Amino acid sequence: MSGLIGATHAHPTRQNRHSHHFRPRQRRGLRGYSGPAIAEWLQKALSVPYELDARVIPDGFDSVRDTLIDMADKANCCLILTTGGTGPAPRDLTPEATLAAAHREMPGFGELMRARSLEQTPTAILSRQTAAHRGACLIVNLPGSPRSIDLCLKAVFPAIPYCVELIGGAWIDTDPEFVKTVRPSKK
Amino acid sequence: MSGLIGATHAHPTRQNRHSHHFRPRQRRGLRGYSGPAIAEWLQKALSVPYELDARVIPDGFDSVRDTLIDMADKANCCLILTTGGTGPAPRDLTPEATLAAAHREMPGFGELMRARSLEQTPTAILSRQTAAHRGACLIVNLPGSPRSIDLCLKAVFPAIPYCVELIGGAWIDTDPEFVKTVRPSKK
Amino acid sequence: MSGLIGATHAHPTRQNRHSHHFRPRQRRGLRGYSGPAIAEWLQKALSVPYELDARVIPDGFDSVRDTLIDMADKANCCLILTTGGTGPAPRDLTPEATLAAAHREMPGFGELMRARSLEQTPTAILSRQTAAHRGACLIVNLPGSPRSIDLCLKAVFPAIPYCVELIGGAWIDTDPEFVKTVRPSKK
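Chains as they are written, first to last, in numbering that gives the first Met the number 0: chain A, 0 to 186; chain B, 0 to 186; chain C, 0 to 186.
Bear in mind the hints are in silico, worked out from the structure with no lab data behind them. All values reported here derive from a predicted model rather than from experimental measurement. Hints may contain errors.
As the list makes no split between identical chains, a pair holds if one copy fits it or if it spans any two.
Claimed, not checked - With a cut-off of at most 25 angstroms between alpha-carbon atoms, the simulated SDA-like pairs for lysine to any residue come out as follows:
#1 Lys43 <-> Pro121
#2 Lys179 <-> Arg115
#3 Lys179 <-> Ala88
#4 Lys73 <-> Val178
#5 Lys73 <-> Ala88
#6 Lys179 <-> Gly167
#7 Lys153 <-> Asp174
#8 Lys153 <-> Ala114
#9 Lys73 <-> Glu176
#10 Lys179 <-> Ala114
#11 Lys179 <-> His102
#12 Lys153 <-> Ala36
#13 Lys73 <-> Pro89
#14 Lys73 <-> Asp58
Sequences are here, hints too, so could you generate the full structure?
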């Protein structure tokens, strides 16, 4: 089973981008998965209102790809965090499904998450996790274990709000006490 | 000329995975190549019986791809280490041939080997070495020089036995005095 | 707008590779872009005569790809440094255009430039910059800001002269006081 968590937005324009009201919805179907750990992490990190759309689906290429497309296009998520399915086992197809659903890969995410994970365990090189975007929705592959998830999110999240802004998604901001958003100063 | 060294296994089941008898075969055809250095390294590293299948073939896309496929499918190798052919020169086609023979790439191997090699020389960024698997066979591209080979193997080998296990290959273990195998503890 | 700077050579043979006279041409069309910063950097770095071919073109896939092909094939550049267009915004298509114009990617360049840039800012992971070669011409994607350009060039330039040599381009050498060229000693 693969877990996907999406943070939904309502196509805010630059004018009303702070006004979209994202109420937390009931998280269900995440029994035994790292979804709750990710949801908790987002709750600590995000300083903007948002709505969660958490789904647990069977492993596989089609299932993950189709769910990503649905969450990006129909549910209007501007950020989807997947968990699990990034290893070398035959059932691990989340990176393939991510690239199939997305328009462009951003290899720096995977490189950094693997580099940080390597400080914990040499098997980090087995992860094929990556990030890519489908239109205004950024998709980031996270590992399966909660400890690794925290490590990876801490590493890449400072760049996520600016990334989502650049691809035309919602305005995201974070609690700098927990994780600091960085936006390059415009020249 | 490209060198390829495969460690063969006999499709061991979980029951008999320690019983497959891999006798060292005569290594021939490796005159002047780094094959012997790799073979020696494996002899120090592996604590399980294994059989070597060492081949030296002409550089080129078809030659390397077809040999990889033959070693994986017919010779039942669960690990193939290539040497050479990863640079930017026109004759260097080992990474291309590897990806053509394989089902899925694992980019973390190349990233780590380049990062480690960079500590020795800035030209490490010219290496296009990668790793990928064809079914139950892991293929890892190593550089040509013995010193770099040791550096690269020391970096990635701790994760190789677990990787080969995950893709359904043989049970591999190593002498922890020489290189320590890491397998994540199951939850 | 995207900037491209090519260092031209005249297909020097091994015999006359030091004799090609590359006079600096007038640099024009680089108003407000990082082209001048790159040109200055090259002037400090290169200890061989060379000729610059600097072009500013509209952003886009076709425009960048076609200009790269023209600079490599018609203008005989052996090194093209692009600036800008590597981010996740929809108009950023320089890496795609680079790969479309090139024969083979060298992922180590992008990995190292992102790793170095990460020491400055977490948004470095958003860069999709890479390097690739089209025949005897090496193409390297640089970021848009002058400070990042210096950082990236300092990181990868030590390997560039040897790389251009391997792909059959001109003999390049650098002022070791500014940036030291590394060529592995032949065995």
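Status of each hint after checking the structure:
no., hint, verdict
1, Lys43 <-> Pro121, "between (29 angstroms within a copy, 19 angstroms between copies)"
2, Lys179 <-> Arg115, "both (17 angstroms within a copy, 20 angstroms between copies)"
3, Lys179 <-> Ala88, "between (35 angstroms within a copy, 22 angstroms between copies)"
4, Lys73 <-> Val178, "neither (29 angstroms within a copy, 50 angstroms between copies)"
5, Lys73 <-> Ala88, "between (31 angstroms within a copy, 22 angstroms between copies)"
6, Lys179 <-> Gly167, "within (21 angstroms within a copy, 42 angstroms between copies)"
7, Lys153 <-> Asp174, "within (12 angstroms within a copy, 35 angstroms between copies)"
8, Lys153 <-> Ala114, "both (13 angstroms within a copy, 16 angstroms between copies)"
9, Lys73 <-> Glu176, "neither (33 angstroms within a copy, 55 angstroms between copies)"
10, Lys179 <-> Ala114, "both (20 angstroms within a copy, 19 angstroms between copies)"
11, Lys179 <-> His102, "neither (27 angstroms within a copy, 39 angstroms between copies)"
12, Lys153 <-> Ala36, "within (13 angstroms within a copy, 34 angstroms between copies)"
13, Lys73 <-> Pro89, "between (29 angstroms within a copy, 20 angstroms between copies)"
14, Lys73 <-> Asp58, "within (21 angstroms within a copy, 30 angstroms between copies)"
Checked against the numbered hints above, the structure violates hints 4, 9, 11; every other hint is satisfied.
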